[in-house]
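*Asks:* For the sequence shown, position 207 (counting from the first letter as 1) is numbered 207 according to UniProt numbering, and the numbering increases by one without interruption.
The reader is advised that the hints may include incorrect statements.
[Said to hold, decoys possible] Pairs of lysine to any residue residues, derived as SDA-like cross-links and limited to a Cα-Cα distance of at most 20 Å, are as follows: (1) 143 x 159; (2) 741 x 537; (3) 350 x 270; (4) 131 x 121; (5) 210 x 91; (6) 741 x 538; (7) 392 x 440; (8) 452 x 356.
Hints in this document: simulated from the structure, not taken from any laboratory.
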Amino acid sequence: MHGKNYILPLDQFVEHFFLGSPSRSTKAITNLFAKVPEFKTEREMYDHFTFKFNGSKIFPGQKFVTTAWKSDAKDSTGQAIDCGMYPAKFAPEESQTAAGDESRRTDWSRIDLCIECKLDSTSQDPFDERKLDNSPEAVTRQKVLGQILSYAELVFRHQQRQFHYMLLLFRECARIIYFDHSSMVVTEKIPYATQGQELSEFLVRYGRLKKPEFQGHDPTAVRIEKTDDLHSLVREYAENCVTNDAEDHAAGLFRDSLVKSWPIWRLQVYDEQTETEHWFAVGKPHSQASGVAGRGTRGYVALPLLLNKNGELSVPPFNKRGEPTEPFVYLKDAWRIDHPSLQKEGLVLKALNDAEVQFVPTVFQHGDLPGQSTLSYQKWSVLRGKEDCKLKPHHHYRLTVKEVGKPLSEFDCGAHLVVAIFNCIQAHEQACKAGYIHRDISSGNILLCKSKSGKWLGMLNDWELAAKYVMGEGIQVNAASEECPVLERTGTWQFLSVNCLLDKHRIVDIPDDLESILHVLLHFAVRFLPHNIKDDSVGVFLYQYFDDYSTSYHGPTSSPAKFAAMKDGEINLTLLTGGKVVDGTPQQDLLHFYEQALPPTEEDSDTNSALPPGHPINDLLSILLGWFKGYYALSRPQPPKTNEGSHTTTRWTADIMDFAGEDPVSLAAAQAAARGSAQSTTAASTEATSAQDTRASPTVPAVKDPMAAAKITHEAFKIEFVTRLFNPSIIWPALDKCPDKRPKTLVIEKTAAATTTAKAATTGGSAAQMNFSKRKQAGGDASNKKRQRSVK
């Protein structure tokens, strides 16, 4: 939320961001902040205020609880907020350690109002009103900002929220903070001495809000309590589905999402096409985006709920054969960007489905949730006048689709990975012909989906940022279209093309999305296939290539590693490995894949004599990187020598008909490949103006190819993929997939512009922490101390 906040006086904050609150009471409200003692510790603060608030007896049905000692048992981050307001019947129970110390846990799924205590209102204030964007520069203040952002994220993660309030208490003053998916809105400092009565009135009115949605809860999401009959019915239904069909992938995922530590919800989906409401039961999200600002996308495997004979929502019946009558679906919950030229994902999918585009989801229901848009964006013009708005408008949106896929990381072998990527290229090409370009291809947006033949094929998912596109027209023609919105850096940072990273206002074109596909292929290949990067350095490579950034005159741009790869047409590992010296001559290290993992004794070998045969993916990556090198108009350096040796591994075999669908270009390419003639496949390309063979001897540097840009097309990509996959002279190993080499936790400390060091964090966190553009990594402490998170 860097720069995405604004500060208001308390009266304006209450007027514009405290909706649905009861009017001021005619009865005098106790000033809860009168005669505040001179606190010496934070513990004195939260003990005092918790006792004061509960003792006032003016918060019926609410209870303030101190939970600074223990984190939520359901939360892996290990964070615990000082105290909070809870519904009395769900407040954390009193607990003590063996030594008699308090040890109540934070419950992120139940807390209504977060309260954090800090002693110093200057050095620990996360907002600096002297700065234009109110962002602090002092490290201590940045840490506090990161801390409160992480608390807000945990509330949004564990609850179904539109917005959330937080109270930040200092020794002599306070701030109230409002979070939604567009921004933070913060009050000016509220002195206890002069505005304690007004602050007390805010708290009392907040506690007396009549509807949960006024406190920020989503009225279209209802928690199914364990005491509800529906709770046990949902669990029994899931177990019965798995028992009846152990191979039912969707049923297994749904059952696994019903973890005891996570609530079951029923979510409403309003279908705009039929103007009907539909309800679904969901457990723990199958996927969930990090952060507070932004789309906050969650994906669920969902069970449709139907009205029973009593008019109550219940699980679907089974037929006479014991089979479920309603299939599980995939439900996507997101705060979509509400741009007038950005179509809703369901409408895009409907158009693609009508055009019979292959390898994309099939839409069932979709629609905006009425009245759920980000208030902080709506109020900007009212409160900030003509000042440029840095915020994006978001509207709450739900979508259900037929296909329940699995992550691309679950591919069987390298050839299976390439097939899935190939299917993604097919989907992308067909979508462009149907009038849409994806613009957000990433590792999470390509799934594996079971086909009618039982094969797990690739599926290009998440079309929410797709834009209208006219196939065959230049980028300027599409840019001039009012239906192709220019959003700052549309896409996912790690997989954006170098051109998009260099120009944040660039209109995404086909070469950009195809480059993103290449980055996805590289990402999974490095994680799961054998290569010459040591396992304990894979996390560092992934950070340096995908997450890292360079600082330009205009802000963060591409990582040096990705930029160099596109510039040079190779993945150079020398700065990671330090290179080698052979016969007194320094040698560079280039990324190279093998059919089998390198023996541990050969990791530091100075010769290639004992290396296993090279992997077929080397040639595919080399060709694609060479094309992009030509596209970026730069020459290609010499690739490494390899010892191909003899192939001793189990061969992967497949029939093109199982994977290509009705794709004449791919079938023609496969037939040519089967004849062993790679070059003959180029005749099938009509999209490319030139598709001459660019493969060079690995010992001879390739020259600049003036026609390389014309090769960045769907057909050229498809031909190269099929040629590599189905040429009988190229052997793809069937047993090449390794365990995931990406560390579960990696902390990168960026201490200087030219210095990046990496160390493994001892506890907490995950590689998912590395998923935002301006990527300063921060570690954490596994103790009961509150963990601090880096500022974005």
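*Asks:* When the structure is checked against the list of hints, which entries are broken? Sort them ascending.
*Replies:* Checked against the structure, the only hint that fails is number 1, while the rest are satisfied.
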